[in-house]
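Please model the entire structure based on the sequences and the hints provided.
Residues 38 to 374, numbered by our numbering, are exactly what the sequence shown covers, in order.
Hints should not be assumed to be uniformly reliable.
Claimed, not checked - As a list, the in silico DSS-like pairs of lysine-lysine whose alpha-carbon atoms are at most 30 Å apart:
1. Lys233 to Lys126
2. Lys219 to Lys239
3. Lys219 to Lys233
To be verified - Just the calculated beta-carbon pair ranges, DEER-fashion:
4. Leu306 to Pro364: 22 to 28 Å
5. Ala347 to Glu166: 50 to 56 Å
6. Leu357 to Glu167: 49 to 55 Å
7. Ala46 to Lys135: 34 to 40 Å
8. Pro192 to Glu119: 28 to 34 Å
9. Pro192 to Asp56: 36 to 42 Å
10. Lys233 to Lys95: 35 to 41 Å
11. Asn342 to Asp102: 54 to 60 Å
12. Glu166 to Lys233: 36 to 42 Å
If you are wondering where the hints come from, they were derived from the structure by calculation, not from laboratory data. Fair warning: this is a prediction, and the values are worked out from it, not measured in the lab. Glycine included, every Cβ here is placed at the ideal spot set by N, Cα and C.
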Amino acid sequence: TDGTQAVLAATKVIRNHPDQTNAVVNSLNLLDSLSYIPQNCDTMLENGTVDVVAKLMKENATNLDVAVPATRLLEVISNEKERAEQLPKKNATRPIIKAVPKLLPLEDPEAITALRSILATLDNVADTEEGQVALAKQGAVPAIFAAMEAHSDDPQMIKYANQAIAKLVTDDDVIAVLNKLKGYDPAAIPTMSPDKLAKIAKDVHQLGLLLMSGDFASLVEEHGGIPMLAGIMQAAEQHEDCPEKENLMNELVKAFGRAADNINPQDALPVVPILLNGLQDGDEEMLRAIANLARDPDTLKAMTNAGAVATLMPLLESNLTEPESLPAILMALAPLA
Numbered sequence: 038t039d040g041t042q043a044v045l046a047a048t049k050v051i052r053n054h055p056d057q058t059n060a061v062v063n064s065l066n067l068l069d070s071l072s073y074i075p076q077n078c079d080t081m082l083e084n085g086t087v088d089v090v091a092k093l094m095k096e097n098a099t100n101l102d103v104a105v106p107a108t109r110l111l112e113v114i115s116n117e118k119e120r121a122e123q124l125p126k127k128n129a130t131r132p133i134i135k136a137v138p139k140l141l142p143l144e145d146p147e148a149i150t151a152l153r154s155i156l157a158t159l160d161n162v163a164d165t166e167e168g169q170v171a172l173a174k175q176g177a178v179p180a181i182f183a184a185m186e187a188h189s190d191d192p193q194m195i196k197y198a199n200q201a202i203a204k205l206v207t208d209d210d211v212i213a214v215l216n217k218l219k220g221y222d223p224a225a226i227p228t229m230s231p232d233k234l235a236k237i238a239k240d241v242h243q244l245g246l247l248l249m250s251g252d253f254a255s256l257v258e259e260h261g262g263i264p265m266l267a268g269i270m271q272a273a274e275q276h277e278d279c280p281e282k283e284n285l286m287n288e289l290v291k292a293f294g295r296a297a298d299n300i301n302p303q304d305a306l307p308v309v310p311i312l313l314n315g316l317q318d319g320d321e322e323m324l325r326a327i328a329n330l331a332r333d334p335d336t337l338k339a340m341t342n343a344g345a346v347a348t349l350m351p352l353l354e355s356n357l358t359e360p361e362s363l364p365a366i367l368m369a370l371a372p373l374a
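Spelled out as structure tokens, the structure:
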């Protein structure tokens, strides 16, 4: 026997009693079990299950008892291309995109599980041209970047995010961001108004997010983006201290950190002392960048000459009681030892 009646019964419970959490969770778990039979996924699309689950996500994004099975169910349904392209038509993608910023602040492994399922679903939907158009209109790209930024150390999440971004962002989009940054005259940056520094920081932030994708990092490298960032960093360093300058320097440091895996380390040589200066807060992304850049003999030498060990040792000593920070600090120190 197929699972049609069970699908319909579970859907009815969720539709009619959305406030009864136990009954809803049990119904979601039943639907989840049934979804591994493809025919049942078709039934869920045809008989309103997907619409009901999407509405549930809209109202319960931070209730992880509901969000985890709901997002997992949508992920399984979206695993087949013809079903995936139906999700935007069933209003199922907008609620999960809007759930991302609500789930990000939650420090719970289950929130990460739900986010992974959302990104996997968006990746599946982005396989079709129709899906790409819908996701772009619904704000999927900023949501995916926000998840990447918050969970840059989660390989599975980064994998789904990179795959989706590669389908939703074009080379032309990347070149457009680069050209905006190339429009700023480095000679004028040291005397720019705080408002203009804030504008540059916003554009650097956008480029920094794109640099988390290996494909885009190579494109940025090809078009001279890394020396350009180094030029902006050197110029901004000369600006008088203000919150906007500090924010811009932080964004530049993060951009180099994200690019470190995919760029020619020689391009970072001019700004090694500035990068080391930015290490004093012990930012994990930056520590990873130092470790990556130090693989190159010339950059390693420049870092050593600029006092990398003297910068990192106090960080190590002050974080001995903070086990979360230690791996990144030790990874940065290892090539310099």
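Tested hints:
Between Lys233 and Lys126 the alpha-carbon distance is near 41 Å, which puts this suggested pair outside the 30 Å criterion. Between the alpha carbons of Lys219 and Lys239 the distance comes to roughly 14 Å, so the proposed pair stays at or under 30 Å and holds. Restraint check for Lys219 and Lys233: satisfied, since their Cα atoms lie roughly 14 Å apart, inside the 30 Å limit. For the pair Leu306 and Pro364, the supplied restraint of 22 to 28 Å holds, since their beta-carbon distance comes to about 26 Å.
At about 54 Å, the CB distance of Ala347 to Glu166 agrees with the hint of 50 to 56 Å. Taking 49 to 55 Å as the suggested C-beta distance range, the pair Leu357 and Glu167 conforms, at roughly 54 Å. Roughly 29 Å separates the CB atoms of Ala46 and Lys135, a value that falls outside the hinted 34 to 40 Å. In this structure the supplied range 28 to 34 Å holds for Pro192 paired with Glu119, their Cβ-Cβ distance being about 29 Å.
Checked against the given bound of 36 to 42 Å, the beta carbons of Pro192 and Asp56, roughly 37 Å apart, stay inside it. The supplied range of 35 to 41 Å is met by Lys233 and Lys95, whose beta-carbon atoms lie about 39 Å from each other. For Asn342 paired with Asp102, a C-beta distance near 55 Å keeps the hint of 54 to 60 Å intact. At roughly 39 Å, the beta-carbon separation of Glu166 and Lys233 lies within the given 36 to 42 Å, and the hint holds.
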